[in-house]
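Undergrad: Read off the chains here:
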Amino acid sequence: GEDVEQSLFLSVREGDSSVINCTYTDSSSTYLYWYKQEPGAGLQLLTYIFSNMDMKQDQRLTVLLNKKDKHLSLRIADTQTGDSAIYFCAEKTPPGNNAGNMLTFGGGTRLMVKP
Amino acid sequence: DTGVSQDPRHKITKRGQNVTFRCDPISEHNRLYWYRQTLGQGPEFLTYFQNEAQLEKSRLLSDRFSAERPKGSFSTLEIQRTEQGDSAMYLCASSFTLYNEQFFGPGTRLTVL
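Going down the list, the protein sequences come from chains A and B.
Using my numbering, you'd call the opening residue of the first sequence number 49 and step up by one each time.
Using my numbering, you'd call the opening residue of the second sequence number 281 and step up by one each time.
Check the hints yourself; a few may be wrong.
Distance condition first, Cα-Cα at most 27 Å in a straight line; then the derived BS3-like pairs of lysine-lysine [as the list claims (entries may be wrong)]:
#	chain 1	residue 1	chain 2	residue 2
1	B	Lys337	B	Lys351
2	B	Lys337	A	Lys84
3	A	Lys162	A	Lys116
4	B	Lys291	A	Lys84
5	A	Lys104	A	Lys118
6	B	Lys291	B	Lys351
Pulled from the structure, derived: some chain B residues nowhere near chain A, Cβ distances all over 10 Å [to be verified]:
#	residue
7	Ser307
8	Glu332
9	Gln360
10	Ser367
Stretches of chain B that chain A covers, calculated by requiring three or more beta carbons in the stretch to come under 8 Å of a beta carbon on chain A [unchecked claim]:
#	region
11	340 to 354
12	380 to 390
Don't read these hints as lab results, they were simulated from the structure.
Positions of the beta carbon are idealized from the N, C-alpha and C atoms, including for glycine.
Please work from the sequences and hints to get the whole structure.
TA: As structure tokens, then:
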């Protein structure tokens, strides 16, 4: 089965870069996602990357994918206090197998940004 | 607001009672998903609809859980004879076939006393 792992906690200073890491096990994953969750709220889609890409940049966010090592990272440049939240990576399995179109999430990384 | 909406946002119930949650997806989205999130964990998939057809069900979805999407628009998730272990955030998401993003609603937090 699929398994997605993330470190639990990251603390950075305002203005620094944050790098949140994720490893996954399903080599047939087609898309990998990053979501942000603030306290008591639902999940906000930040960005996603297709599995045949190595990198995707979107404003302050850079996603790096190492498919060989099944490693995904999210870099947030110029981190702000408003970026404090829990960040989840997720993988999407391709249609046609028993897993359907569901997303499998990691346990989340809590990012704390200190002023 | 044209995002995914869920109702109620919070539900407190006593063990053994039945509860029903509603999800309204983004209007043109034909796919609808239910996930459950317990404290300190990532969301876990429960079930998935394409239009009105329920195409996938997780092993987490015991016989006490039932989900419907009668007209391919809104969906309901019912939990019968609730147990304390059902306490969690129930998240709904929707997507459109041709695109790869799943958009989540704010969730319904269930507390079973």
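Undergrad: Could you run down the list of hints and mark each one as holding or not?
TA: For each hint, the structure was consulted:
1. B:Lys337 x B:Lys351: Status holds; Cα separation ~19 Å.
2. B:Lys337 x A:Lys84: holds, 25 Å
3. A:Lys162 x A:Lys116: Not OK: A:Lys162 and A:Lys116 at ~34 Å, beyond 27 Å, violated.
4. B:Lys291 x A:Lys84: Since the Cα atoms of B:Lys291 and A:Lys84 sit roughly 24 Å apart, the hinted pair holds (cutoff 27 Å).
5. A:Lys104 x A:Lys118: Distance of about 16 Å is within 27 Å: holds.
6. B:Lys291 x B:Lys351: Since the Cα atoms of B:Lys291 and B:Lys351 sit roughly 25 Å apart, the hinted pair holds (cutoff 27 Å).
7. Ser307: Holds, since 18 Å exceeds 10 Å.
8. Glu332: holds, 16 Å
9. Gln360: holds, 23 Å
10. Ser367: With a cut-off of 10 Å, B:Ser367 remains clear of chain A, as the shortest Cβ separation is near 15 Å.
11. 340 to 354: Since three or more residues must qualify, the claim that chain A covers the region 340 to 354 of chain B is violated, with 0 doing so at under 8 Å.
12. 380 to 390: holds (count 9)
Checked against the numbered hints listed earlier, the structure breaks hints 3 and 11; every other hint is satisfied.
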